[in-house]
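**Q** Each chain, written out:
4 protein chains.
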Amino acid sequence: MLNHFLTRASRVSSLTKYNVLPAFNFSRSVSSIPLATVEAEEISGARPAEVLNLVHGKWVGSSNWNTIVDPLNGEPFIKVAEVDETGVQPFVESLSSCPKHGLHNPFKAPERYLMYGDISAKAAQMLSLPKVSEFFAKLIQRVSPKSYQQAFAEVYVTQKFLENFCGDQVRFLARSFAVPGNHLGQQSHGFRWPYGPVAIITPFNFPLEIPVLQLMGALYMGNKPVLKVDSKVSIVMEQMLRLLHSCGLPVEDVDFINCDGKTMNKLLLEANPRMTLFTGSSRVAEKLAVDLKGRVKLEDAGFDWKILGPDVHQEDYTAWVCDQDAYACSGQKCSAQSLLFMHENWSKTSLISKLKELAERRKLSDLTIGPVLTFTTESLLEHTKNLLEIPGAKLLFGGQPLEDHSIPHVYGAIKPTAVYVPIEEIVKDKNYELVTKEIFGPFQVITDYKGSQLPIVLEVLEKMHAHLTAAVVSNDPLFLQVRFL
Amino acid sequence: MLNHFLTRASRVSSLTKYNVLPAFNFSRSVSSIPLATVEAEEISGARPAEVLNLVHGKWVGSSNWNTIVDPLNGEPFIKVAEVDETGVQPFVESLSSCPKHGLHNPFKAPERYLMYGDISAKAAQMLSLPKVSEFFAKLIQRVSPKSYQQAFAEVYVTQKFLENFCGDQVRFLARSFAVPGNHLGQQSHGFRWPYGPVAIITPFNFPLEIPVLQLMGALYMGNKPVLKVDSKVSIVMEQMLRLLHSCGLPVEDVDFINCDGKTMNKLLLEANPRMTLFTGSSRVAEKLAVDLKGRVKLEDAGFDWKILGPDVHQEDYTAWVCDQDAYACSGQKCSAQSLLFMHENWSKTSLISKLKELAERRKLSDLTIGPVLTFTTESLLEHTKNLLEIPGAKLLFGGQPLEDHSIPHVYGAIKPTAVYVPIEEIVKDKNYELVTKEIFGPFQVITDYKGSQLPIVLEVLEKMHAHLTAAVVSNDPLFLQVRFL
Amino acid sequence: MLNHFLTRASRVSSLTKYNVLPAFNFSRSVSSIPLATVEAEEISGARPAEVLNLVHGKWVGSSNWNTIVDPLNGEPFIKVAEVDETGVQPFVESLSSCPKHGLHNPFKAPERYLMYGDISAKAAQMLSLPKVSEFFAKLIQRVSPKSYQQAFAEVYVTQKFLENFCGDQVRFLARSFAVPGNHLGQQSHGFRWPYGPVAIITPFNFPLEIPVLQLMGALYMGNKPVLKVDSKVSIVMEQMLRLLHSCGLPVEDVDFINCDGKTMNKLLLEANPRMTLFTGSSRVAEKLAVDLKGRVKLEDAGFDWKILGPDVHQEDYTAWVCDQDAYACSGQKCSAQSLLFMHENWSKTSLISKLKELAERRKLSDLTIGPVLTFTTESLLEHTKNLLEIPGAKLLFGGQPLEDHSIPHVYGAIKPTAVYVPIEEIVKDKNYELVTKEIFGPFQVITDYKGSQLPIVLEVLEKMHAHLTAAVVSNDPLFLQVRFL
Amino acid sequence: MLNHFLTRASRVSSLTKYNVLPAFNFSRSVSSIPLATVEAEEISGARPAEVLNLVHGKWVGSSNWNTIVDPLNGEPFIKVAEVDETGVQPFVESLSSCPKHGLHNPFKAPERYLMYGDISAKAAQMLSLPKVSEFFAKLIQRVSPKSYQQAFAEVYVTQKFLENFCGDQVRFLARSFAVPGNHLGQQSHGFRWPYGPVAIITPFNFPLEIPVLQLMGALYMGNKPVLKVDSKVSIVMEQMLRLLHSCGLPVEDVDFINCDGKTMNKLLLEANPRMTLFTGSSRVAEKLAVDLKGRVKLEDAGFDWKILGPDVHQEDYTAWVCDQDAYACSGQKCSAQSLLFMHENWSKTSLISKLKELAERRKLSDLTIGPVLTFTTESLLEHTKNLLEIPGAKLLFGGQPLEDHSIPHVYGAIKPTAVYVPIEEIVKDKNYELVTKEIFGPFQVITDYKGSQLPIVLEVLEKMHAHLTAAVVSNDPLFLQVRFL
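Protein chains in written order, with the numbering used here: chain W, 1 to 485; chain E, 1 to 485; chain V, 1 to 485; chain H, 1 to 485.
There is no bait here: all hints are sound.
One copy or any two copies: either way a pair holds, since identical chains are not told apart in the list.
No more than 30 Å apart at the CA atoms, straight line, and that leaves these computed lysine-lysine pairs for DSBU-like:
| hint | residue 1 | residue 2 |
| --- | --- | --- |
| 1 | Lys262 | Lys463 |
| 2 | Lys100 | Lys450 |
| 3 | Lys463 | Lys293 |
| 4 | Lys430 | Lys450 |
| 5 | Lys450 | Lys463 |
| 6 | Lys437 | Lys463 |
| 7 | Lys437 | Lys232 |
| 8 | Lys428 | Lys266 |
| 9 | Lys100 | Lys428 |
| 10 | Lys287 | Lys463 |
| 11 | Lys100 | Lys463 |
| 12 | Lys293 | Lys430 |
| 13 | Lys108 | Lys428 |
| 14 | Lys293 | Lys437 |
| 15 | Lys437 | Lys100 |
No lab work stands behind these hints: they were computed from the structure.
Build out the structure end to end from the sequences listed, making use of the hints.
**A** Here is the structure:
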C-alpha cells in the first residue's frame, strides 16, 4: 500500500526468465496450482466457483450461499458460503482456544519461528513461478478489475514480502533486549509478545496483498487470527490459504470466515480477540473502535494530495506519474491522488493536456479503467455536477459514463475525470467538505496557485484529517524548506 | 572531531546568557526555589495555597475556585482556579494555533531539539539540589500522602528521566532513516513526526512523575500539549512548570488547565487535538476512546499478580518485596500487587507471619500507610466483608479502620489488609469478578496452590484482561519453562 | 561457525519433503547441476577434476597445475590451475578497476541491492533442492573429510544465510540514518559505504560456508572482492561460483584466484585492496597485519573451553554435546572444544565413560572421524606423549593411530583422544603453554576441580588470549553469578 | 511506573552522601576549581606548573622532569614528571590487575553503569559553570594555541558529550539482545563486553576533547585504561582527571602516564592491554599495528578536500566556511581543509579575494593564527616554495613568516597561506605526492576545474587513501547524483 511497494511494478519485465517448475498432483486440485480448487479464467455464470470457510483446521460450507456477480457483466459467477449469526460458535471456540501468550513466543515453541521462515520461503518461491503468479493475477482481475500490470504488481509485492521473511528473518523479528539493572543479578528485559487470538478484516481493493501481509505478520509473532475478507473478492484469499497450507502452514493456525458485518460483529463480541486489525472505511472503523473498546488498529482511507512547486521540469514524467497516481486501479487505492495543486508556472505548460491524453488512453478492454465497486455511475456524475456548480469550476476531461459495457448497475462506470476548482473557492467553508470528499474512483480535483497563494494551499492541507500519501514535487530547496515549516 | 561537533562552536556566543545558578528575584517567588509560589510545609487552612492556569504563555486565575481539603485533616488548604465550560475558548485557540507539523520537526526549527536538551539538563540539575528535591517530595506528601521515601523516589525518577535527555539525546530521538529505492535517485525515508496539538490527562497518585515524563516526551518531539492534572494534586505540577520555565521552557509551549471532566471533554471536542494521552480509570478511558474516535492512547490500570514457585529461598527478602509491592503508597500504584499465589511449599514457611509483621509496622505518622483517595473506609470494609463470605476465606491481617486520625470521610483509611481465598473458589464464575475487582488501596488477596493445581492458576491468569506488572518468583528452570508455555 | 549455526544440523531430517525440481541443460554442464563442471563422486586419479581461475569475467586456466591428493587414499585427484607471481597482473587490474565508492552504494546503482536480493533467493532455492545440496555435501566430503551430516550442515547453513538476504533484505542492510542538525537545513547523515576493492582469503575446513558467507556479505554492500580459497578445497567454491552465475551474479563482480601465499601477498601489495578479510592461522594473520598496514580483518583460531558446574543433570545429553563439540569434523572447527573443566561432582558420574563410548563409535567409513589436514599422525602422538609426561596426567581414551586406512602421510590420522591433566599442573608456567597449545584435530584435555579450586580455573581462563566459543554448563544461579564476576 | 523505575527507590538512602555543590578544601587545590592544582593564566617561567602521573590510585612524581616551553615565547613553563623505562612496572601491574571481563560488565557490578551516569552528570554540570569552562579553555590556549572561541568549543563539546551519558544512558549502552533459538530453552544472546585492560594515546591538538571522549567511552563499558597524552599538553588532562575524581570517578579506574614513545612501547608490550586506541600520525600508527599484532584501533590523519559545484550562491558564507575549515586552530585539526576544487563559475566570483581578506584578518594576539607544533617555519616555507615551482602555480596569499613574535624556533609561525596549482598539474604523477602531502598547519592548495574536467577531479580524489572529512558544495541534483556515482 505504500508508494514504496507500488514502484516495484517496474521490475516485472525481468521476471520472465524464472523457470523452476514443480510437479504437484494433489487429488483435490482442479488447477495446475497446488491445492487450488478453481481455474481463474473459467469461472462463469455457467461454471460458478465456490468459496468455503476454514475453522478448526477444516474447510466447511454453509447452508447459506451468497452469490457474487461478475463486475464486468453482471453474471452470477461465484458462490460464497456465508456464515450467519447462528454459525459463529465454531469460530468463537477456535479463536478462544488460543491463550493470551499465543501459539508461540520467545519462550514457547521457538521452532515455530523457523517453521514460518520455511513457509515464507516456499510460498515466495511458489509465487515466483509464472504459472502461479499468473493464476493469482488473473483471479484478482476477475473480482477486483484492474489492469494485468496492476494485478500482477499485487502478486509481486506479496512475493517480495514473503521473501523478506525467509530463513531466520522471522525469528529475528522476535529479537528481545535487556538492560543492566541497579544491582547484581537484576536486568530489565523487553520481549516481543503476541496478542494471542486476533481478527483481521480486509477490503475489496487489494484482495491478495492486504490480507497476506497482515495475516503473515500476525502469524509470525505467534498470534492466531480469524480472517474475514470482503466476500466480493474472498475467493483470492481462499485459494491463497490453500497454497499456504501446501507450503507447510498448519491448518489450525488461521480461521477464515465469509460473513456480513453484523455476523462479524457478533463473532468479535463473543470471541473477544485481543486485537482486531481493520482496513476499510472510516465509518465502520469508528463503530469498531467503540464496540471493541479501543482494542482495534485501523488502516482507514485518506484524501491524498500532490503539490507541484514553482520549478517546472520533466513534464512528461510528471504527467505520467500524476495519471498513474490518480487513475491506476480506477482510483481505488487508499493512496490514490485526489487533489492536485499546480504552481502557476505549471499552468503555463502542457501538463494538463498531457494528463488528458494519458487518461483518455485508458480503456475497459485491458482494465486500465474499470468498474468502481463502492459508487454507482449516478453518484459519481452527481458529485461531478455538484463540483461544477462552484464558481469558476470547469470540467478538464472525463465526466461521462463509460460506453459499450456490461458493468452491472450496482457498480460505477465512468471515464477518468478531472475537475478544476479555483483555490479561492476550495478554501471556503461552504465548498471545502464537497471538494475534499473522498471518492474511491477515477476522479480528481485540480487547482492552481500563485506563489503568493501558498498560505492558502497550506491552510487547505492543515484542515484535512488523514492523508496517507502526499507529495511535493520540487527541487528548489528554498521552496521546500521555507514553505513547509 | 566530527563536523557535527565543530558546528557547535557557532553556538558559543549565545551561551553568555546561561547563568547556571541564576539569581532569581521575581516578585511572586515566595519560596527559595526559583519561581516557586508556595512553601510546601506552610500550606494550611489558615494560609491556603492557590493554583492557577496557564494559557497563551500567561498564568491566569478564574472566577471559580475549587477548594481542596487536606487529606490528613480535612482542612481546606488549596484553592484551585478551575476553568468552566464558558472559559475553554482561550485554551481551544492556543491549542489550535499549533499546526499538524508541530512546533518543530526534523525540517523545522531543529535548534529546538538542542534547546530541550538544555532544558532537561538544567531541570535535572535543579532536581538534584537537596533543597529542590525536598521541596517537591514534601509537596507531593501534602496532596498524595505517601512515605517520604516514596515521595522522594518520585522526584528522583523524574530527575533521572530528565538526565536521560540531556545534551544531544533529544535530537537523537528524532533520528530518521532511509533505505535505497529501486532506481537512481529514489530513497524511502522514515521520519519521527509530531502530532502537533495534543492533550495529556493525568491522575492523582503520581503528581510529579507521570505528568513530567509524559509532558516532556510530547514536547521533545515537537508537540504542543495542554496538560490537565487531577485538581486534588495539580499544585505539584503547577510549581514544576514554573521551575521548567526558569530552566528555559518557552511559556507558550505548554498550556495547563484545571477543570472538571465535563469541561475537559468540551475542550477536547472543540480543540480536536490530534492525540490525547490519558492515564486513569478504564471507565473514563472507554468514554474518551469513543468521543475522540480512537485518537487516544490509554494507560489504564491493571490487576497485578505474583506467583511464588515451589523453590523456597530468601524468605525475608521475599516478604519484604511482597509488603512493598502491595502496600507502598497505600497500594495506590497501578503496579501494586493485588493477588499473591503461593506454592504450598511457601505455605509451610513463616512468610505470611513475616508479611503480617511488616504490614503492621506501617503507620500514619510517617505515611507508610495513609488515606485512600478513591475509596471510602466503608467501601473498603464492605469489599473485605464480601470476600470473607466466600467459603474457606479468612482474614490474614488488617481489615480494620485506621485509628486516631483526622482523615476526612470522603477518603478511605484502613490498615494494610490481606484476605485468604482458596484457589478453587477464586476460579468459580460467581466469585471471580469479586476477587479480581481492582481496589486502589492497601489491600490484597492471597491464595495457595498445590503443584497439581498449576493449571487452575494459569486459568485464573488467562481470564484477566490487563496486568501491568506481574512476577514469577522461582529459579527452577523446569517450573519456569514448562509451566508458562 | 557460530554455535547458533551448528545447531541447525538437527533440522536436516525435516528437509526431505522438498521436491521442487528444475530442468537445466546448459551445454557446459557435465553434472545435473546448472553450470557445474564436475560430478562429486566420480572425481578420481583416473578422472581428475580441474579447477580454474576467474578474472575480468572469464574462467581461465594456467600453465601451472597444482595437484591435490585425495585425503583418503593419497591419489592425485584434482588439478588446480595455480597463478604464479608472473600471472597476477590481470587480477591487479581487475581489482583496481573498482573505485573507492564501490560497485554500488546508497547513491549509485541502488537497483543492484535488489539484484542481490534476487540472486540470494535463487541461490537459496537451488541449495534447497536435494540434488544440489547433495552435490555440494559430497564434494565437501571429498576434499575436507567429515561426516555427511556435518558436510550437509555446511550446505544447509549456507542456504539459510542466503534466505536471510532475499527480497528487500539486502537493501535494508544499506539503511542509513540522519539526525537533525543545529540549524535550519542542517542534518548529520550516516551511510553504510563499501570499501570498494577487497580481498577474501579462506581456509580448508569449511570450503563452502566460510567463503560464501564472507563473499556475499562483501558483494551485498557494493564491494568487488578477489577470493582465494585454500587450493586443497577450492573446487567447492569454484563450482559454487558457477551456480551463483547461473542465479544472476554478474561475472565481473568477483574474481577467483588459486595461488600460493607468496603470490597472494604480491597481489595484495600491488592491487592494494582497501580491506582484506583473512580467516586462518594466527601466524599468517600477523604477517598480513604488518604487510597491509592494518587494513585487514582477522578471524583467527581460538582455544575453546567448557566448564561443567556443580549441579549434575542430563548426563547423557551433556556427554553427547561434549563429544560433538570436541570431535565433530575431526575437531577441525575453530569452535572445537579443547579443554573441559569438570566439577568434582561430575567426576563421580559416568560422564567420562559415556564420552569414551561415544568417541569410540566414530569411524572412518562414515567420516565421523577422518584425516587431520594440518598435523601429521606423528606430531599428534608426540603432543599426546608430551602431555602424558606431566605428573598425574593419564590417557582417558584414544592416543593411537587410526587403523586400516590409506590416508596419505602428509595428513594426520588418529583416534579421538582425551588426556587428563590435573588442574594444579595446568596452571603451572612450565606446563601452561603445552596444555593450551591449539591442536586442530580430534583432541582434548580434560581436568577436574573442587569447588575451592574455582579461582584456579578462572586463572587458567584469564591467561588465554582468544576463545571463540566457551560454555558454562550449570543452572545454579549462585554458581553462575558469584563465580564469574 | 515500570518496575525498572521503582527499584530505584532503594537507592535513595545512599543519596545522602551526594553533595551537589560540595565544599572542597583539599590542601593541594590552589585554584577555585575543585581539586585543580594550577591557575591557567599564572603559569610562567617564574612559576612553572607541575604535571604528575597517576597509578594505583595515587598521584606520583618522577626523578625525571621534562620541561615544556611556552609555545608563544619559548619560556620553560611546565615541568612534566616523565616515567622512563625503569619506571613502568607499577603501570604494568596496575593494568594487569584488571581481568579480561573488565571492571564491570552486564553480569558484574551493574551498579557501576549508574555510577558513570552520575559522574557524567556531575562533570557536565561542572563544565557548564563559567568559571570551570573558562579555566579549561585558557589552559588549552596556553599549551595548544588557538583562539578562545576554538578552545572554548573544545570544552563545550566535552560538556555536551558528558551530558549525552547522564542518567541511564551509560547502562543503555550496555543493552544486550537475544534471538529465539531452534528448540525449547535455546536462545542466542549478544552482550556488549569490555576488553578489560586497555591503553589510550592522544595527540597535542585537542588536549581535552580527544582524551575525555575516548577515556569516558572506555570507562563506561567497563575497561580499565592507561592514558598517555602528548606531554606538551598533558597538563590539561591531568587537571581534568582531578575534576573527574571530584565528581566521583574512582581513583583506581584510570592510570595516567607521562613518558616518551619508547617507554610507552615497553609498557604496552609488558602489560599487553587487550586493545590500544591511538590517535596520531600514520607513521607511529603503523609501527603500533605491528608491535601490538593488530590489537589497536587507529584514528589517523587525512587529507581533506572540498569541491565547489557549478551553482554559485551564498558567496560570503562559502568564503567564511572555507576560511574556518582551512585556518581555524591554525589548520591543526585532522579535519582541516587541505585542497579546494572550485568550479570555473566560482573563479569568476570574488570568492578568492574574500577568502584572502578573511585569512589576513587572523592575528597572533587573539590566537586566530598561532604556532604550528609539528612543522618549523622553514619547512613550511620550503613546502610552499616547492609547490610554486610547479608550472602555472602561484601564491594566492600568505607564504610569509609571522612577524613580531617570540614563538620558539622548534615551532612553525607562518601567515595563513594558499597556493594555486592547475588541476592538470596536480594529477601528474610527479606532482601528485607533493600536492597531497599533509601539512598540519595553516596551509591549503586551491585549484579550479571546468565542467569537462570533472573526471580529473574524480581521479585526484580516487588516488587519496584517507579523507576524514570532505564536502561537496552544490544544490544541483544532477551535479550531485550523476557525477559522484
